[in-house]
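Novice: What follows is each chain in one-letter form.
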Amino acid sequence: MGPLDIAHFLAGFVVLLSFSLLYQDRLPPLINTFAAQSLVLALSVAWQAQTQHAPHLLITAGIELGFKTVLIPLVLYWTIRNLKIHRTVEIVVGVGPTIIAGIALVGLSAGLMLRAAAGVGGLAHQDMAFALSVVLLGMLMMVTRRNAVSQVIGFMSIENGLVLAATGARGMPFVVETCVAFSVLVALIVIGIFLFRIRERFDSVDLALIDSFRGERS
Amino acid sequence: MNWLVYPAALVLLLPMAGAFLLALIPSYRVGAWINMIAAGCTFLASLGLLTVRTAGSHGLLFVDDLNVAFVVITSLVGFTTAVFSKGYIGHQIETGHLQRPHLRFYHALFQILLGAMNLALLTSITGVMWAAIEIATLVTVLMVGVYRSHEALEAAWKYFILSSVGIALALFGTILVYMVAQPVLGEGLPAMTWEKLAAHAGSYDPMLSSVAFVFILLGYGTKAGLFPIHAWLPDAHAEGPTPVSAMLSGLLLNVAIYAILRFKMLFAGSLGIIAPGTMMVTLGLASVIFAGLMLYRRRDIKRFFAYSSIEHMGIIAFAFGIGGPLANFAGLLHMAMHSLTKSGLFFAVGHIIRVKGSQKFDAIGGLTSSHPMLGWTFVACVVAIAGLPPFGLFTSEFLVMTAAVNANPLLALGLAVGLLLSLGALFQCLHRVAFGAPRGELGRDEGTLLPVLVHLAIVLGFGIFIPGEIVSWFQHVARMLG
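So the protein lines, in turn, are chains E and B.
Using the UniProt record's numbering, read the first sequence as starting at 1 and increasing by one per residue.
Using the UniProt record's numbering, read the second sequence as starting at 1 and increasing by one per residue.
Bound conformation, chain E alone (with noise of 0.2 Å):
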């Protein structure tokens, strides 16, 4: 395999975790699922700061390897298992339509992407293909479940996404992947005084039930 195949390989497998996302329903397996996509978009990483010779792509597959992929999943568990969350993924829309919904997605994502940015060179393209589909897939997830830690999962999937984009894109300045370490690691604290202030006030972190609450209905 050339340096190109096996760029593609990686970035095909996180598209193809993305995918495995979708259909998990508890949610320890979903938690590691996405630490395996961190871990595969960690070594997607390392490769491009191999073939494009720019060693600081590999702080950021650091970052990837031991921010997202280990200390994320266990605050997680941490999280599950201190605030008694129940275990199953409450969906909206059932596996089997999302899956197709998903697969529309990275159609729609290859057709657009492999066509507009044929002219960027030849690596690139290809790349920002597979991102986008990361990308969509992620939102397809935050949109089609209910609670919110699989929620924050479909978030972190869709950074995951665009951290393969950052590092795709030849020679972009190391300024946007600080951004992108930094901003995941405030919307965590973010998300973690989230998900205890609605822990104070309800059983559970189900949105439906914060729904209920809506202030329009008052």
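Worth flagging that the hints you see were computed from the coordinates, not collected in a lab.
Watch out, some of these pointers could steer you wrong.
[Claimed, not checked] Some but not every residue of chain B turned toward chain E, in silico, with C-beta under 10 Å: (1) S164; (2) V165; (3) A168; (4) L169; (5) F172; (6) I175; (7) V180; (8) G186; (9) L189; (10) A198; (11) A201; (12) D205; (13) M207; (14) L208; (15) A212; (16) L421.
[Unchecked claim] Calculated Cβ distances over 12 Å to all of chain B for the following chain E residues: (17) L39; (18) G94; (19) A104; (20) T167.
Please read these numbers as outputs of a predicted model, since none were measured by experiment.
By construction, the Cβ of each residue, glycine as well, lies at the ideal position given by its N, Cα and C atoms.
Starting from the structure of chain E, add chain B where the hints point.
Specialist: Just chain B now, with coordinates in the frame of chain E:
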């Protein structure tokens, strides 16, 4: 290095220093004073930017006529909001609506928000602008949830989820813009710097430019509350504390529009792409009409004016979408006037909530007879936000309409329908709130109305006479926007 840098750096450093100091101070009362003083100093520093408005880039910062205008407005409204917030939040604590421990970092967050918005406006790097807007969003999420009620938590969570998706789209767009610029400008930082990007506008790959702009528009459009992706906005405005509603409507929405404008400048000149303007006109018009319809049958006064903000963001997107010197001028004027009017209006609404102890329309009525000063100030604010003479929004809406008629009479018709719809709803609101027999509690209004009156005076001044210097300034920016 130019001495101009100093005011530009000051409007960033002062809020940061303020935030640091405020994070250390546990007392609410002292914090409120420091917050006010820090915001006041930031405003003075922003006036320093006004004195010399030469365009130029200084490392990470970048100054031109477009962003200076917004920095001054942001700092002014930030200062008046700090003044209003001091009395309002104090009152909410006294009445037990807010608990002190939950407000521990309120003022520090206030300053971080102010600093992040100024950073988004002044930075010369696309990625930094994105990060600054993300920081501003996260800070406002925390501020919206400060009441800790079911509704406030739901609003904050909804805001967080939707704006995260928006932010993700915007980052993807930012990365695509880098990829578009990279073949022209080479690898590295130049392909993310506004000045360099703008210098080569028109030479980018048309197809990828279109895709990039779609992501930018949807991403930052979420933050600006444009129609299909606005759902967070009414909840966040209604459930957050009133000073935060004023900052959201008056400032943060403007910053999001500013981001869209910067990117539009890059791609407007490219041939063979889906014109950025067309997309903005569509989203804008949809927002105006949708918000016009949603303004009816609201039960909550803050939610009502949140929909009015969606309408005005729609008008602004519509104006810049049409483009050309006249429409751009109108759009800029509308942004400035809407900022001042809407934040002033929220201050007035804050006073009403103080007096009535509720933000439901059912509990508010006959203000002009029970509280003449507050009632008539509110009437003036609503007349101003409706775009009626003699206030500044009349001038800008009139110019938008003129530009729309010139561009395409059908578009003008659509806009007119939206504007009339909201006009009707605003009159209905006036009728319920300001006139008739007094309804609800009759508390005394102790706070100062000065911030509202200052905003109204400026808006009235602009409605009657716009100084020549400001006209030529805005005309220059309008030409820049293409």
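Novice: Of the hints given before, which are not true for this structure?
Specialist: 10, 11, 16, 20
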